[in-house]
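Bring the two chains, given one by one in their own frames, into a single complex with the hints.
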Amino acid sequence: MIKHLFKLIWNKKKANALISIEILISFLVLFAVVTMAAVSIYRFNLPLGYAYANVWRISIDSRLPFDSTYNAVKQATMKELLVAIRAQPQVEGVATFAMAPYGNNTSIWRDKVNGEEITIYINNCSEEAKDILGMRLVSGRWFEENDRSLAWTPAIVNQALVRQRFGSENPIGKNPYPKGDSFPTGRGMRDIRIVGVIEEFRKDGEFSAPANVSIEYLDILKTTRATSSDLLIRVRPGTDASFKESLDRTLASTAKGWSFEIKTLEELRRANFKPDIAVMIVVGCIAGFLLLMVALGLIGVLWQNVSRRTNEIGLRRALGSSARMVYWQILGELLVLTTFGLIVGTAIIVQFPLLNLLSEIPNGIYGVALVISASLMYGLTVACGLYPSWLAMEIEPAEALHCD
Amino acid sequence: MITLDNIEKIYRTDKIETVALHAISLNIREGEFISIMGPSGSGKSTLLNIMGLLDAPSGGTLKLAGSAVAAQGDRQLARIRNERLGFIFQTFHLIQDLSVVDNVEVPLLYRRMSGAERRTLALRALERVGLSARVHHFPGQLSGGQQQRVAIARAIVGSPKIVLADEPTGNLDSQMGDDIISILLDLNKAEKSTIVMVTHDPRMAEKTERTIRLFDGRQVN
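Which chain is which? The protein sequence lines are A and B, in order. Sequential numbering of the first sequence, starting at 6, is according to the working numbering. Sequential numbering of the second sequence, starting at 134, is according to the working numbering.
This is chain B alone, in the form it adopts within the complex (with noise of 0.2 Å):
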């Protein structure tokens, strides 16, 4: 589903060159539910960004679905992006002025799509993460719990075939980190999404098939 062949990633200023990812060579199948691990600075948010399209590498090869997206343009880019990628954030990234469903409808509204449809998937997803009784309430008015779920139905409302979670449970107590990751296992379960999570916590890690271990922007394991 996602082949990384060779990654680097490269930051350059004037004087210093800063190599924040190197080599890094990776095949996630369909379906597939990988944790990266890794200490503060290894580059597990840069391997997240540039599987998310949300940054170019400065060298490599990255396929999606068996395409190259190297070449393709920011409207291309932000197409792939809205129709077979999900983002779920650490700080959830909500945005504070709309209500739980119009946050959800967000990435629905780069589809052409009515406005009841988009409702109508947005309710669903929030169904889904058991927020059905919240849809109207502001972000400010939610638990960090209530957030992040508000966070994953966004990520889902589109049903994209790929989940990109950087750090999930990381603004979370143990308890509200537990019911998360129950989510995202059942979505992997239930709709065969491939879910990448970035993760500090073992125990988390622990819960996915696969980790994948950085250091200093390399692979360790």
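So that you can see chain A by itself, here it is in the shape it has in the complex (with noise of 0.2 Å):
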């Protein structure tokens, strides 16, 4: 019976045709919007690398130029703003973050390295980081006090770039950035020294991709050599918002002239999520309009097919077909209709593993939202042809058959 509904449907190619293709579109927007949805899930499960629940960040704005000599005046600043933070009984510790997570700054440095390409995204951070976010040390050793007398740059990497940039080898005691690396700041040519191996630093949050990640020390009495820079500081559990207020009061009388900006990093999560939460809906609602059209479009014709074929399904009472087989043939060319769209489907969709279009996507991700998005399309196409396939079975054949 399988064989003989393929043998219809190829024998009635020109007008099936349009319906594959309708079914193939639907099914190419719908793998889009379910791979963006896999790939947000999968992102959201991986690990973060750091513990965002009671840690605030302090931005501050010096309002004074860059200055690379990192000039006593704001040492000495900085030296009693930690001073007046760390005698605040809230507060559990204290670390500079050049690029806190959840905000919105970012330094990338990119450049190829025997033809493959290689992104770094560049961070720096004082020794208190590790315990006021909560980060995991997988190798080596963590910043220390004495970093700050180093005629070198340690730096802590994660993983990722431990596997792409040396592959097995130890890292330890190695530059992250290749010698002679064509990027202007020259950073192969830095004495810059891996200290620590950490699992995973993703600054962005829980739906960005994972990435390289070198993280330079930073002493933080030198927060401030640029004209904005960031605090964590780690307050105690249950410390309320009404903290916010006191710490800003305290901070703007310690630091007259410079202005202070105070955020949990619950708040920052928050705002963060808004845009790739806005994509997701605008994209889910836009796809999901277009798979209405697509089913009502569908049920239209099908409709429209079974009105058309009445004699047909009247002959095929005659010659010994239930009214429930009658049913289950209209469904089943329905089937083999979105069968055909899914295989060309499938075959533009391998390509992007294939080819490795969308390197950011792990080839799993496409094997499971080719699987959902197949489904949904079978589901999708049943739903339509049930009323239609409940038309045909309720045709009477002795009418049907004087129907012309």
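It is worth saying that the hints were derived from the structure and are not from the lab. In this text the structure is predicted, and so the values were computed from the model without any measurement. Warning: the hint list may mix true and false statements.
To be verified - One-sided excerpt, in silico: chain A residues whose CB lies under 10 Å from chain B:
#, residue
1, Leu13
2, Leu23
3, Asn175
4, Ile177
5, Ser251
6, Thr255
7, Leu256
8, Ala257
9, Arg321
10, Ala323
11, Glu401
12, Pro402
13, Ala403
14, Leu406
Glycine is no exception: its CB is placed at the ideal position from the N, C-alpha and C atoms.
Here is the structure:
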């Protein structure tokens, strides 16, 4: 019977091509949406590399221009600020972080090494950051106070960077950047040495793609080398928002002329989620609307198809098909058409992993998204075919055979 | 083979009741070739549809090979149609998107049978009606007479005991009509098939063993 259905559809390929194309396009759109959702869920469940609970960010605007010498005035003010912050009973610790989690600023190094493009997200933090953010060291050591006096720059990198740059070699003591890199900063020429490896550090939050990260050491007193800098503080559990105001007053009275913005990492996280979720909702709505249009179109086409084939349905009943068999035949034909569309769609989709067109998406995600979107397409087409199939089943053979 | 006892068919709407068949009683023996004649609207096709289990009578009893079929469900009726009955229609009712041989195979799709077995039986049936050279043609490429031969091949492919023909020569010229009747007569003689043929043409009816005449839904002979 399946062979018969294939033959019936193949012999009417011109008429059926449009339905299959409609199914194909819907499948591709659905696949894109499902992939996006699957990627988001996959990333959401990846290790973040830090804990954001009870961590607050203090953004400092020293209103002074960038000063590469980290002048003494700035450092003295910074020292006073740190004393004032640490004196607060609600504060458990303080660290500096050039680009704190969920912030908008990013510093990227990108170059080709042996034909392979390498991207590294650069960051800086002080030795206290590990405890403030609960970062986990996998090998080597974390930054320490003595690092301030070193003639070279210690760096902590994540495992992804180690895998790409050094493979199975021990990265400790090596420069994360290749020598002779073409980037103007010439990081590969500077004496930067890896001292430790962390599992992960995804600064941009749960929906961000895993990336190579290199965090270089930054003396907390040099926090304000740039006009704007961030301090991270860990507060005792249960510290409420009222502490923000009192801390702000303390900071403003300590560093006159500087301004501060205090936010919890949870607030920043929520704000960070908004654009991702908004995109997902918009894309989901567009895809949903498209699928609704496709569903209505399919119902219409199938309905018309059944009306046009009343005679044939009557004949099949006369030749031995039960009403239930007619029902399954109409649904079966639709499933065959869906299969045609899905086969072409799958052939297009497999090009993405084969040609590595979107390297950020793991191959497993394609497989999962393919299975889910194909199942949804089958579900959608079957749902669209139920009513026309029922209509076909209800056709009286004696009447149908006299229809022309 | 076919026994009709007091068969009635009444079409009812909200306001009108139309009697299509009134107290029809018939006994058609196994291997008999009968014709049903009557003017348009006399109930010939309705009677044939009831015999072919395509329509249910409003009253009376229908027996096929001694068994009453009134209490059968849709699936059982479909099975009886498939295994015991063959249909030939005035307008051939071939599926235009299927080749000749695929059209002939259609009744066998509803039986448990391999594709190769189906193909063998379909080719044999086509050979029987003299269409072996046209198996891969499509209905649109055949003349009316050839299309009706395909329909006969489809009707006999499953070796049914009863063939019901609804004006099989109605759309054909006299020469083609004669050819079709010859095939049916041959089938009746060789296979001992019971054939019930509705016709308007007295010339065709003369060739059958017995003619039942209907007028306004009543049997008049």
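We went through each hint and held it up to the structure:
{"no.": "1", "hint": "Leu13", "verdict": "6 Å, holds"}
{"no.": "2", "hint": "Leu23", "verdict": "16 Å, violated"}
{"no.": "3", "hint": "Asn175", "verdict": "65 Å, violated"}
{"no.": "4", "hint": "Ile177", "verdict": "68 Å, violated"}
{"no.": "5", "hint": "Ser251", "verdict": "82 Å, violated"}
{"no.": "6", "hint": "Thr255", "verdict": "84 Å, violated"}
{"no.": "7", "hint": "Leu256", "verdict": "81 Å, violated"}
{"no.": "8", "hint": "Ala257", "verdict": "83 Å, violated"}
{"no.": "9", "hint": "Arg321", "verdict": "7 Å, holds"}
{"no.": "10", "hint": "Ala323", "verdict": "5 Å, holds"}
{"no.": "11", "hint": "Glu401", "verdict": "8 Å, holds"}
{"no.": "12", "hint": "Pro402", "verdict": "5 Å, holds"}
{"no.": "13", "hint": "Ala403", "verdict": "4 Å, holds"}
{"no.": "14", "hint": "Leu406", "verdict": "6 Å, holds"}
Of the hints listed earlier, those the structure fails to meet are numbers 2, 3, 4, 5, 6, 7, 8, in rising order.
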